[in-house]
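Participant: Listed here are the chains, written in short residue letters.
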Amino acid sequence: MEFDLIFKNIDLFFQGTWMTLRLLFFSLLIGGTLSIPLAIARATRHRWFNRPVWMFTYFFRGTPLLVQTYLVYNGLSQFDFIRESILWTVLRDAYWCALIAFSLNTCAYTTEILRGFIETTPRGEIEAARAAGMGPWLRMRRIILPSAFRRALPAYSNEVIFMLHGSAIASVITLMDILGAGRTLNARYYLAFEGFLTSAVFYLTITFMLTAIFRQLERKLNKHLYPRIATS
Amino acid sequence: MKKKLFGLAAAIALGAFVGAAQAEEVLRIGVEGAYPPFSEKTASGEVVGFDIDIAKALCAEMGRKCVMVEQDWDGMIPALRARKFDAIIASMSITEERKKKVDFTNKYYNTPARFVARKGADFEPTPEGLKGKVVGVQRGTIHQCYMEKHFPDVKLNLYDTQDAVNLDLVAGRIDAVLADAIALDDGFLKTERGKGFAFLGGDQIDPQCFGEGAGIAVRKGDDKLREAFNKAIAAIRANGTYKKINDKYFAFDIYGD
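Quick mapping for you: the protein sequence lines, in order, are chains U and Z.
Add 8 to the 1-based position in the first sequence for my numbering, that's all there is to it.
Note that my numbering gives residue 39 to position 52 of the second sequence, counting from 1, and the numbers run on in steps of one.
Isolated chain U, as found in the complex:
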């Protein structure tokens, strides 16, 4: 182990962490926002709403994120009409390519998670809302979605961590994320695993912090779902 080389290049890893966190945050933001209307559409029994969303989630959950990233980065750039269009100002940039692929991928997973929890909203809650005179949209907004969000939190925290790990794919399309920093360190000094090991430590730290955040959130938002412990 050559620790001195790791410390000498630790800046690389902090820059990489910044890149990874940016990619993670924005892909979750975009994917998460898009997933709400999609999940509602997917949960309806209406075929015209349900089917297209099902096809979208089926494609993005059925193919590896690496393939999706390659399709956006190398695939689209093969077509002259895309390179000559306004789209190219976005697709030219590896960061945007990664962001598009990651957002769509996490959107597909989040849609399915959310759909599951929308469909399993306790009947009593819906009946109560109906009895109070709420229409379908008000019911969705006030009762079903907030309830689904809370119950989906543990499953969603998994998705966030999967996305963090999936974001390592950014390094194959020239982005200097945490893994990119590790590979650059390895390449610069012809090391076998120092770079990977340091990357692993950085990913572990972020995972640790993310799980801590979600645990706090769950404790706060889902208090009413846990059995009460008698205090005496």
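Please keep in mind that the hints were generated in silico from the structure rather than gathered at the bench.
Using N, Cα and C, we set each Cβ at its ideal position, and we do this for glycine too.
One thing to keep in mind: the hints can contain errors.
Derived lysine to aspartate or glutamate pairs resembling EDC-like cross-links, with alpha carbons at most 16 Å apart [to be verified]:
#1 142/Z - 101/U
#2 182/Z - 10/U
#3 28/Z - 57/Z
#4 88/Z - 202/U
#5 120/Z - 101/U
#6 88/Z - 10/U
#7 87/Z - 10/U
#8 207/Z - 84/Z
#9 86/Z - 199/Z
Residues of chain Z placed beyond 10 Å of chain U at every Cβ, according to the derived structure [said to hold, decoys possible]:
#10 24
#11 29
#12 48
#13 145
#14 181
#15 221
Derived contacts from chain U toward chain Z, CB cut-off under 7 Å, selection only [to be verified]:
#16 85
#17 100
#18 182
Based on the hints, put chain Z in the right spot on chain U.
Facilitator: For chain Z alone, coordinates are given in the frame of chain U:
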């Protein structure tokens, strides 16, 4: 029954042992397969090219049986050290930084590094000229070393293979590439994809980064193999085998002086 089984097991074990002993005779050579014309893959998956032909000629000269083991470039030296193969014949330049990890034979060729950009590019390959431009190189190459040393302020994109670098140059994601002049000329500029691109500036020079040419890397202390390779290189240079291989790919002698 038991005896029979035991006999069978013994036979298998013996077979495995003999197999292992024979396998040791075979020299495993690490090659890349994505660096035309030095090494590339044919449609049928076979690795061919100058490096491969040189490797075969050296093996024949040494009277040893060789197998080619494919390996991604950035894992080449780690794989050699992990004994996945015994030598690297993959256009690897002999540099000081690499000598800390592996031993090198004498060079078997030496060609300069040059930039390539779109034809009629309006910038010079200098630190000022490349300001605001993006340059692509293969990860873990002498060209990465050179860019990081002389162009620290120029945005540098790192790729797994030279093919991937060229692909992004064509796509327009990067403005220039720095690589071996021959690999760029034969592997890119003379191909269909390389139309509309040309060399930018002359040979880039820095002995510290570029070293003394491409050599064969062996594990540290593997002097017997290194010496055998050195002798074989001298022999194929002398007996015309090298020239024959050279002329198959290039119009001039790439051995250098």
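Participant: Could you run down the list of hints and mark each one as holding or not?
Facilitator: Each hint, compared with the structure:
1. Under the criterion of a C-alpha separation no larger than 16 Å, the hint pairing residue 142/Z with residue 101/U is consistent with the structure, at around 13 Å.
2. Proximity of residue 182/Z to residue 10/U is assessed by CA-CA distance (about 45 Å); at most 16 Å being required, the pair is judged violated.
3. Straight-line distance between C-alpha atoms of residue 28/Z and residue 57/Z comes to about 10 Å, which keeps the hinted pair within the 16 Å bound.
4. For the proposed pair residue 88/Z and residue 202/U, the alpha carbon gap of about 14 Å is at most 16 Å, so the pair holds.
5. Using a Cα cut-off of 16 Å, the hinted pair residue 120/Z and residue 101/U holds, with the two alpha carbons roughly 13 Å apart.
6. Of the supplied pair hints, the one linking residue 88/Z and residue 10/U holds, its CA atoms being roughly 12 Å apart against a limit of 16 Å.
7. Of the pairs offered as hints, the one joining residue 87/Z and residue 10/U holds, with about 13 Å between alpha carbons and a cut-off of 16 Å not exceeded.
8. For the proposed pair residue 207/Z and residue 84/Z, the alpha carbon gap of about 13 Å is at most 16 Å, so the pair holds.
9. Restraint check for residue 86/Z and residue 199/Z: the C-alpha separation of about 12 Å stays at or below 16 Å, so the hint holds.
10. The claim that residue 24/Z is not at the interface with chain U holds, since no C-beta of that chain comes within 10 Å of its own (minimum 23 Å).
11. Under the 10 Å C-beta cut-off, the non-interface status given to residue 29/Z relative to chain U holds; the minimum distance is some 22 Å.
12. Residue-level check passed: residue 48/Z sits 28 Å from the nearest beta carbon of chain U, beyond 10 Å.
13. At the 10 Å boundary, the C-beta of residue 145/Z falls inside the reach of chain U, the nearest C-beta of that chain being 6 Å off.
14. Listed as a non-interface residue, residue 181/Z keeps its Cβ farther than 10 Å from every Cβ of chain U; the least gap is roughly 16 Å.
15. The non-interface label for residue 221/Z is consistent with chain U: the shortest C-beta to C-beta separation is roughly 27 Å, beyond 10 Å.
16. The restraint placing residue 85/U at the interface with chain Z holds, with a minimum CB-CB distance near 4 Å, inside the 7 Å limit.
17. Checking residue 100/U against chain Z by beta carbon gives a least distance of about 6 Å; that is within 7 Å, so the hint holds.
18. Residue-level restraint check for residue 182/U holds (minimum Cβ-Cβ distance to chain Z is 4 Å; threshold 7 Å).
The earlier numbered hints that this structure contradicts are 2 and 13.
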